[in-house]
Amino acid sequence: MLRLIWLVPALPLAGFVVLAASGGRLDRRSIAWIGAGSVGLAALAAIAVAAAFVAAPPPAGAYTQVLWHWIEAGDFSARASLYLDPLAIVMMLVVAGVGFVIHLYSVEFMRGDEGYNRYFAYMNLFVAAMLLLVLAGDLAFLFVGWEGVGLCSYLLIGFWYRDAVNGAAAQKAFIVTRTGDAAMAVGLFLLFASLGTLDIQGIALRAPGAWAPDAAPVVAATALLLAGAVGKSAQLPLQVWLPDAMAGPTPVSALIHAATMVTAGVYLIARNHVLFALAPAVQYAVAIIGALTLLGAGGAALAQHDIKRVLAWSTVSQIGYMFLALGVGAWAAAIFHFMVHAFFKALLFLAAGVVIQALGGEHDIFRMGGLRRRLPLAFWAFLVGGASLSALPLVTAGYYSKSLILDAAWASPQGGAWLWAAAWVGAALTGLYTFRVVFQVFFGAGATTDTHRVGWPIRIPLAVLMLLSVIGGFVEAPQVAGRLEAFGHFLASALPPLQPAVAPGTGFALGVAEGIASFGGIALAYAFFLRRRSIAALVARSAIAAALHRLLESGWGFDRLDDHLLVRPYLALARRLRADLADPGYDALAAAAAAAHRGLSRSQNGRVRWYAGGIVVGSILLVGAGVWL
Amino acid sequence: MEQTSNWLSLAIWVPIVAGFAVLATGGDQNARIARALALLGAVAGLLVTVPLYTRFDSATSAMQFVERTPWIERFNVFYHLGVDGISMLFVLLNSFITVLVVVAGWQVIRTRVSQYMAAFLIMSGLMNGVFAALDAMLFYVFFEATLIPMYLVIGVWGGPNRVYAALKFFLYTLLGSLLMLVAFLYLYNETGGSFALADWYRVPLSLEAQVWLFFALFAAFSVKVPMWPVHTWLPDAHVEAPTGGSAVLAAIMLKLGAYGFVRFSLPILPDAARDPYVSGFMITLSLVAVVYIGLVALVQADMKKLIAYSSVSHMGFVTLGFFIFNAYGVEGALVQMISHGFVSAAMFLCIGVMYDRMHSRLIADYGGLVNTMPKFAALMMLFAMANSGLPATSGFVGEFMVIMGAMQVSFWIALCAATTLIWGAAYTLWMYKRVIFGAVANERVAALTDLDARELVVLGSLAVAVLGMGIYPLPLTEVMHASVNDLLKHMAAGKL
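Chains as they are written, first to last, in numbering that gives the first Met the number 0: chain A, 0 to 628; chain B, 0 to 495.
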């Protein structure tokens with residue numbers, strides 16, 4: 000059974016090839032069947048493989064399949080190999096599973112779009128690349144998936160190509176992440192130069208023997224990998240591309256820019272946790288980046304008008320939580336939050352998609368309202384997703400994963416009160432910005448809209464994700480909720496558990512504090528955005544608040560900063576070089592030759608006196624040279 | 000006289016003879032015959048190179064398919080041919096590109112058809128000769144002879160400023176070659192009157208002599224590559240050349256210079272090449288090409304110029320790979336040469352497809368092509384991605400190997416080289432975005448028709464090559480191993 004693992008990425012890839020080769024000759028029904036069907040089959044294959052793995056774990060706790068030898072030179076060999084361990088299983092199931100429900104949703108959501116075939120082709124290619132990324136056993140091969148998802152992200156952000164803004168957003172996303180990718184590539188080369196292999200398990204085996212903790216090469220290599228992860232996962236300071244990436248169709252945002260691709264950085268760090276454990280300074284940087292990002296992005300989410308941009312900043316912020324978890328060594332907690340986040344954030348995007356489509360493409364939450372009754376399914380879906388995102392205690396999946404991270408931030412030797420406090424404030428912010436949207440969009444006086452009926456291809460994904468956003472967390476529970484460690488145990492062979500655990504008394508206090516943050520945020524949202532809107536309006540009128548609002552809305556002004564600091568100087572320099580500095584040199588040479596030619600040809604004037612004079616001068620010079628030298 | 004087979008002679012002379020046959024069809028009233036005959040000749044030329052791969056023994060570094068006959072006996076010049084793992088693939092690449100160029104010029108070229116087709120066939124045979132020659136004088140003759148058809152292609156079928164461009168191209172490359180001839184004559188004397196490369200590999204030379212000779216050869220090869228800062232003839236030549244000329248220029252002719260380095264400079268002058276100052280000089284020039292040219296390419300308004308600069312930048316990887324002296328670098332450089340052959344040819348042919356319809360190379364005249372030419376947009380996306388080094392395309396493999404080799408030498412060299420991932424993506428995708436994405440820019444774009452079958456075959460076969468090489472490059476690198484290892488061993492031994 001495990002031998003069928005290659006089918007998991009191969010099926011969506013086959014779907015892509017068929018759709019791409021058809022060149023638009025297929026009817027919509029066949030496109031939907033191939034597009035969603037191939038991912039559905041991949042999900043089934045993934046479940047079958049995972050079941051076989053759990054039923055009879057392979058000898059070393061992992062299964063490797065070498066597909067072919069990819070690049071060989073000297074003693075370097077990059078193998079196209081798949082590696083299946085518990086970590087890969089979790090990632091694979093989430094990618095294929097969430098991928099499938101989003102494909103199903105797209106069958107109806109994208110029905111009216113003229114680019115139906117192109118859409119499913121790109122989406123299938125994305126799922127294939129993402130599965131490759133999480134299953135690759137070799138970092139070079141992983142890089143194929145890594146860049147492949149970047150390509151698909153680029154293509155899908157720019158999916159509606161007629162609007163030049165979308166093309167610009169796509170290009171920005173690609174080039175910003177490419178900057179991180181270039182650093183990551185250098186990190187890979189450094190790893191190979193030092194360890195002689197890019198096989199992930201080989202690296203994990205050799206690194207502790209080759210390097211003392213904090214040795215320069217391992218610090219450099221992990222810092223470079225971190226740069227790649229920061230780019231892909233839209234963390235500070237490379238977060239700028241993700242809000243703009245919302246230009247793509249909503250299911251794309253759900254799958255690529257919320258559930259899967261943007262968490263690739265988290266996976267990369269978790270996968271190479273052995274290296275990061277050898278570089279405590281870099282690991283600490285991961286935690287700091289995570290904490291800063293979760294706060295900054297949470298603040299930015301608070302000031303957005305566009306419902307998708309709220310969710311985008313929220314994604315940045317939640318990935319910040321995952322980075323924080325990685326940074327304090329709670330590897331499994333990061334992956335747990337990745338999984339749960341994939342459920343509820345995909346749900347939120349899909350619900351938002353229904354709202355947007357029902358309102359004929361309206362994105363601005365302040366032009367929405369009272370949609371609770373008109374769009375009940377979207378309302379409940381958004382409410383469940385929002386509750387899970389706000390980590391409503393005990394009843395939502397988000398609570399279990401987030402409290403695990405907060406506990407770890409407190410208890411871990413790499414953590415501390417400050418990191419915990421940042422995460423706590425972030426948790427309150429999350430409730431606030433999430434329910435600001437809930438109250439604004441679904442409650443209050445409303446824009447008029449006809450009831451919008453959706454078919455089963457949209458209802459089923461929403462139902463499934465609602466269920467998972469609630470029960471998906473019941474596999475791991477903190478102290479205060481009765482301590483369960485099924486998820487952590489399952490991952491234990493791939494990711495070492497966090498030591499030491501939280502003391503029972505502290506755990507209870509932390510749990511209460513976390514509950515307060517969640518409820519507090521929601522209560523504030525209720526007060527400001529539903530109950531006493533006048534307060535919010537009053538605050539908004541003050542000059543300081545307005546300035547702060549502008550700052551937050553612009554995402555802390557990073558776009559302007561990058562524009563002034565990087566893009567403009569780069570373009571200005573390039574423009575100055577347009578004519579290519581080297582060429583004028585040769586033109587000068589040619590001009591000098593021409594001038595000399597003119598000068599000398601003037602001396603050939605046919606006058607005997609001139610020639611005689613020339614002979615005399617020449618003879619004197621020659622004789623002089625003979626005497627002197 | 001030793002003769003193991005005559006496949007190499009066929010690879011050289013089939014296209015040349017076919018070229019003269021095409022020429023004999025005369026004026027444009029016989030254009031149909033000329034085209035058919037040219038295609039026949041090009042395909043036959045490709046077929047006779049197939050045995051070079053299928054019968055190649057990748058276990059040995061020795062020259063294979065060797066042919067040797069006295070040519071000018073008074074000066075010990077031999078008609079001496081043979082290929083090893085370094086040169087064999089270029090003969091195949093060249094013959095493959097020639098077929099595509101003939102097909103690409105099928106309807107586009109309407110004046111002097113027979114002469115156009117003949118020029119490319121003859122050029123193809125001559126360039127095969129460069130890659131196969133094991134006698135320096137023979138190499139020199141082929142190397143110089145290739146200039147003539149290319150000069151004519153640019154000068155006759157080129158754009159408005161073609162005479163300037165053709166002359167610039169000719170002068171740059173010819174001046175460099177003269178110093179190469181001087182170096183060859185010196186080596187001829189040193190070896191007691193032999194032009195055989197095998198003798199030159201063995202002849203002991205002092206470091207001083209090696210350095211002088213190195214720079215004499217450098218003059219010829221660096222112009223051809225072209226390396227920064229002697230690259231400035233290339234953008235002009237590309238802009239003015241017809242599509243086919245640009246494709247062959249980028250895909251094959253630039254490789255002659257790089258091939259010169261690896262066939263002559265490295266093995267004949269190993270100590271000069273490995274001298275830290277000399278290799279540092281070469282690495283510096285290569286990195287400048289990668290970084291500086293990446294910047295210059297970004298703001299070009301003319302697509303052909305942009306891709307020409309991108310060629311210079313990509314060829315920087317080739318010279319970088321050669322001068323870090325390890326298997327990753329040298330094999331990576333060779334892979335990069337082949338990949339660039341496919342990708343640059345594809346990019347120029349793509350621009351040609353647009354130019355044939357719009358008669359403009361300026362980015363500003365385009366916009367929104369995807370609306371009217373979706374198939375073309377999809378294929379060009381693939382090539383654009385290959386040009387920016389996306390994994391699973393050929394563009395990635397070579398760059399990956401070269402940077403990996405550079406990392407063995409120095410972290411900072413590798414870091415500088417890796418920035419190409421950013422520059423390459425920036426200039427390629429920005430051009431792509433402005434040309435392909437967006438709303439239909441003007442009425443002429445609105446009236447465009449998508450690729451016809453002929454164009455689809457040309458670009459489609461390049462797409463297969465680019466993807467195939469990116470996903471499974473082993474069949475190409477396997478044949479290199481023995482020869483590259485032998486070269487590196489030879490270099491490490493030195494001559495002092």
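It is worth saying that the hints were derived from the structure and are not from the lab.
One thing to keep in mind: the hints can contain errors.
As the list claims (entries may be wrong) - Have a look at the derived ranges for each label pair, beta carbon to beta carbon:
| id | chain 1 | residue 1 | chain 2 | residue 2 | range |
| --- | --- | --- | --- | --- | --- |
| 1 | B | Asp274 | A | Ala591 | 50 to 60 Å |
| 2 | A | Ala163 | B | Thr448 | 46 to 56 Å |
| 3 | A | Ala594 | B | Val181 | 23 to 33 Å |
| 4 | B | Tyr185 | A | Ala203 | 17 to 27 Å |
| 5 | B | Leu466 | A | Trp5 | 50 to 60 Å |
| 6 | A | His68 | B | Ala492 | 24 to 34 Å |
| 7 | B | Val155 | A | Ser553 | 50 to 60 Å |
| 8 | A | Ala545 | B | Phe410 | 11 to 21 Å |
Even for Gly, the Cβ is constructed at its ideal location relative to N, Cα and C.
Beta-carbon spacing of A:Ala545 to B:Phe410 - inside the hinted bounds 11 to 21 Å or not:
48 Å, violated
Do B:Tyr185 and A:Ala203 keep their Cβ atoms within the hinted range of 17 to 27 Å?
This hint is violated: roughly 55 Å between Cβ atoms.
Range hint compliance [Cβ, A:His68 to B:Ala492, 24 to 34 Å]
For A:His68 and B:Ala492 the Cβ distance comes to about 30 Å; the hint holds.
CB of B:Val155 to CB of A:Ser553, is that within 50 to 60 Å?
For B:Val155 and A:Ser553 the Cβ distance comes to about 57 Å; the hint holds.
Supplied distance hint 50 to 60 Å, evaluated on CB atoms of B:Leu466 and A:Trp5:
19 Å, violated
Is the gap between the beta carbons of A:Ala163 and B:Thr448 within 46 to 56 Å?
The hinted range 46 to 56 Å is violated for A:Ala163 and B:Thr448, with Cβ atoms some 24 Å apart.
Within 23 to 33 Å: is that where the Cβ-Cβ distance between A:Ala594 and B:Val181 falls?
28 Å, holds
I want to verify a distance hint. Is the separation of the beta carbons of B:Asp274 and A:Ala591 within 50 to 60 Å?
32 Å, violated
Of the numbered hints listed earlier, those contradicted by the structure are 1, 2, 4, 5, 8.
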